[in-house]
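Following the working numbering, the numbering of the sequence shown begins with 98 at its first residue and continues without gaps.
Treat each hint with caution, since some may be false.
[Stated by the list, open to error] DSS-like cross-link-like pairs, simulated, lysine-lysine; straight-line CA separation at most 30 Å:
1) Lys-532 to Lys-353
2) Lys-487 to Lys-432
3) Lys-388 to Lys-328
4) Lys-328 to Lys-271
[Claimed, not checked] Pairwise CB distance ranges (calculated):
5) Gln-551 to Asn-240: 39 to 45 Å
6) Val-354 to Lys-421: 36 to 42 Å
7) Ala-300 to Ala-543: 46 to 52 Å
8) Glu-159 to Met-493: 48 to 54 Å
9) Glu-325 to Ile-131: 39 to 45 Å
10) Arg-484 to Ala-327: 47 to 53 Å
11) Glu-525 to Met-140: 28 to 34 Å
12) Gly-537 to His-472: 46 to 52 Å
13) Gly-125 to Asn-240: 33 to 39 Å
14) Lys-421 to Leu-256: 49 to 55 Å
15) Arg-484 to Gly-384: 32 to 38 Å
16) Leu-186 to Lys-388: 14 to 20 Å
17) Val-354 to Gly-244: 37 to 43 Å
18) Glu-325 to Pro-261: 41 to 47 Å
These are calculated hints, taken from the structure and not from any lab test. The C-beta atom is built at its ideal place from N, Cα and C for all residues, glycine as well.
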Amino acid sequence: MLLLSMSGRNPVLLVRTFKIRPFFSSYGFSSKEIRKMVPTRGMNVDFIYAGIQQFTDIIKNEKKPFAPRVVNSQKCLRLGGSHIKDIELVGKDAYHHSFFEMLGNWSFGDYFKAEACAWAWEFLVHKLNIPPECLYVSYFGGNSANGLASDEESRKNWLDIGVPAERILPFGMKDNFWEMGGTGPCGPCSEIHYDRVGGRNAAHLVNTDDPMVVEIWNLVFIQYYREENAKLRPLSSKYVDCGMGLERLVSVVQQKVSNYDTDLFTPIFDVIQKCTTQKHKYQGRFGDSDKESIDVAYRIVSDHMRAVTVALADGIGFTNQQQKKSSRKIKELFKRATIYGSQMLGMERMSMYLMVPIIVEQLGETFPEMAQNKHKIADAVRIEEERLWKQRDDGMRHLEELFRNHPPTSKVFPGKFAFIIVQNYRIELELVKRKAAQRGLTVDEAEYQRLHAQKTMGSGLKIKEQKLKYGDITQ
Numbered sequence: 098m099l100l101l102s103m104s105g106r107n108p109v110l111l112v113r114t115f116k117i118r119p120f121f122s123s124y125g126f127s128s129k130e131i132r133k134m135v136p137t138r139g140m141n142v143d144f145i146y147a148g149i150q151q152f153t154d155i156i157k158n159e160k161k162p163f164a165p166r167v168v169n170s171q172k173c174l175r176l177g178g179s180h181i182k183d184i185e186l187v188g189k190d191a192y193h194h195s196f197f198e199m200l201g202n203w204s205f206g207d208y209f210k211a212e213a214c215a216w217a218w219e220f221l222v223h224k225l226n227i228p229p230e231c232l233y234v235s236y237f238g239g240n241s242a243n244g245l246a247s248d249e250e251s252r253k254n255w256l257d258i259g260v261p262a263e264r265i266l267p268f269g270m271k272d273n274f275w276e277m278g279g280t281g282p283c284g285p286c287s288e289i290h291y292d293r294v295g296g297r298n299a300a301h302l303v304n305t306d307d308p309m310v311v312e313i314w315n316l317v318f319i320q321y322y323r324e325e326n327a328k329l330r331p332l333s334s335k336y337v338d339c340g341m342g343l344e345r346l347v348s349v350v351q352q353k354v355s356n357y358d359t360d361l362f363t364p365i366f367d368v369i370q371k372c373t374t375q376k377h378k379y380q381g382r383f384g385d386s387d388k389e390s391i392d393v394a395y396r397i398v399s400d401h402m403r404a405v406t407v408a409l410a411d412g413i414g415f416t417n418q419q420q421k422k423s424s425r426k427i428k429e430l431f432k433r434a435t436i437y438g439s440q441m442l443g444m445e446r447m448s449m450y451l452m453v454p455i456i457v458e459q460l461g462e463t464f465p466e467m468a469q470n471k472h473k474i475a476d477a478v479r480i481e482e483e484r485l486w487k488q489r490d491d492g493m494r495h496l497e498e499l500f501r502n503h504p505p506t507s508k509v510f511p512g513k514f515a516f517i518i519v520q521n522y523r524i525e526l527e528l529v530k531r532k533a534a535q536r537g538l539t540v541d542e543a544e545y546q547r548l549h550a551q552k553t554m555g556s557g558l559k560i561k562e563q564k565l566k567y568g569d570i571t572q
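Construct all of the structure, not just a fragment, from the sequences and the given hints.
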């Protein structure tokens, strides 16, 4: 039996819209419209990757809030940078994603810890019917080096709510003190964790990256400012930032052990399977039980295509001249999904666009720009896949020609050739190395890495327009 009745055409919409917004509205919260993932000027980031970004100027006291209490949902995209670990984990575990929705409730100088804790508990336990015996809470246990005492106020709040003392756990700066960066607003946080197994004492598994005990809500109490000299000073106004990932929350509500087992992803898996020549079914395996990485590939393809579809709807195209860096990252994400689908799952060429309709069906009611541009998005995906395969096919022909012309006395394939094949034809270095090894050659990786470093610094190789041959490369 589900924790919450999820009947209806779009059960996820029930959690996103018909549960969290009315709940907080009943406590005087104003609803904030969902913003695109495109950052505004001055943000100095490629994408919106956290709910707090649109409110940073308010928290820095540079702008007045439009309301003291706000509830919202924010589209977030994490592709590299400080979140490089996140994208590398996508597909390998049950809960990391490139694109996700962050549900948030905010206080701008209004309520503080007691209300935040009470409302979070009420929403989870009484509105979503999550068993309280499966919940654990963490709080900041203090840090003498920073002159910070234990957050006993939060601990007392949880005790007053009725959480057993043995389920209220202290942690240090790493897990329970939030900071925006090296300087700026910061403060202790209190997190709510859910034990997917239940019926046991799982306190020792909190904050250990155990897939069965996951954080579902982070309550951040912003009450300090980190100065450039690393000193902390109290803020004149206090803020609350409560963030909860929709995908993870839905997995809890639907009693699934993985975000990928929810109806946010299973309909996409059905489309993927229909597009494969090998007809592998998704089985929800992880680690050693997924030795051929079939399920990893399912998760990567579905996750990345959700991200690509939302990005295209937000105007971040594959060839957007105003957002070149962002567009390159979306192109690379799409390429990764396409190659995983082709090489690991046997997906047929020119089938990636078939996932767009089901993704739009899932998200279009909440993000109307997706429904309005459904056909344009599908066309863009189809054209980009056609372009990708043409580039790779051309590159493989050039690579084969280079192998044929390689001096028989040499066992080393020049790194500069590998570099140009990778850069110009969207072929992975690992594929070049594998093809070279089949001919008894090793790629000069030292030269490749040197050229890659030069490219990063703005210099590098130039290639002639005619067929790529030995002697055709100038530096």
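To see whether the hints hold, each was checked on the structure:
1. Lys-532 to Lys-353: violated, 41 Å
2. Lys-487 to Lys-432: holds, 12 Å
3. Lys-388 to Lys-328: Outside the cut-off at roughly 49 Å; violated.
4. Lys-328 to Lys-271: holds, 17 Å
5. Gln-551 to Asn-240: 39 to 45 Å: Holds: the Cβ-Cβ distance is about 43 Å, inside 39 to 45 Å.
6. Val-354 to Lys-421: 36 to 42 Å: Between Val-354 and Lys-421, where Cβ atoms are some 40 Å apart, the hint holds.
7. Ala-300 to Ala-543: 46 to 52 Å: Given a distance of about 50 Å, which is inside 46 to 52 Å, the answer is holds.
8. Glu-159 to Met-493: 48 to 54 Å: Holds: the Cβ-Cβ distance is about 53 Å, inside 48 to 54 Å.
9. Glu-325 to Ile-131: 39 to 45 Å: Given about 34 Å between the Cβ atoms, the range is violated.
10. Arg-484 to Ala-327: 47 to 53 Å: holds, 49 Å
11. Glu-525 to Met-140: 28 to 34 Å: holds, 31 Å
12. Gly-537 to His-472: 46 to 52 Å: holds, 49 Å
13. Gly-125 to Asn-240: 33 to 39 Å: The hint (33 to 39 Å, Cβ to Cβ) holds, given that Gly-125 and Asn-240 are roughly 34 Å apart.
14. Lys-421 to Leu-256: 49 to 55 Å: Since the Cβ atoms of Lys-421 and Leu-256 sit about 53 Å apart, the hinted range of 49 to 55 Å holds.
15. Arg-484 to Gly-384: 32 to 38 Å: Since Arg-484 and Gly-384 have Cβ atoms about 35 Å apart, the given range 32 to 38 Å holds.
16. Leu-186 to Lys-388: 14 to 20 Å: Holds, since Leu-186 and Lys-388 (Cβ atoms, about 19 Å apart) stay within the stated range.
17. Val-354 to Gly-244: 37 to 43 Å: 41 Å Cβ-Cβ, so the 37 to 43 Å window holds.
18. Glu-325 to Pro-261: 41 to 47 Å: About 42 Å separates the Cβ atoms of Glu-325 and Pro-261, which means 41 to 47 Å holds.
In this structure, the hints that do not hold are numbers 1, 3, 9, in rising order.
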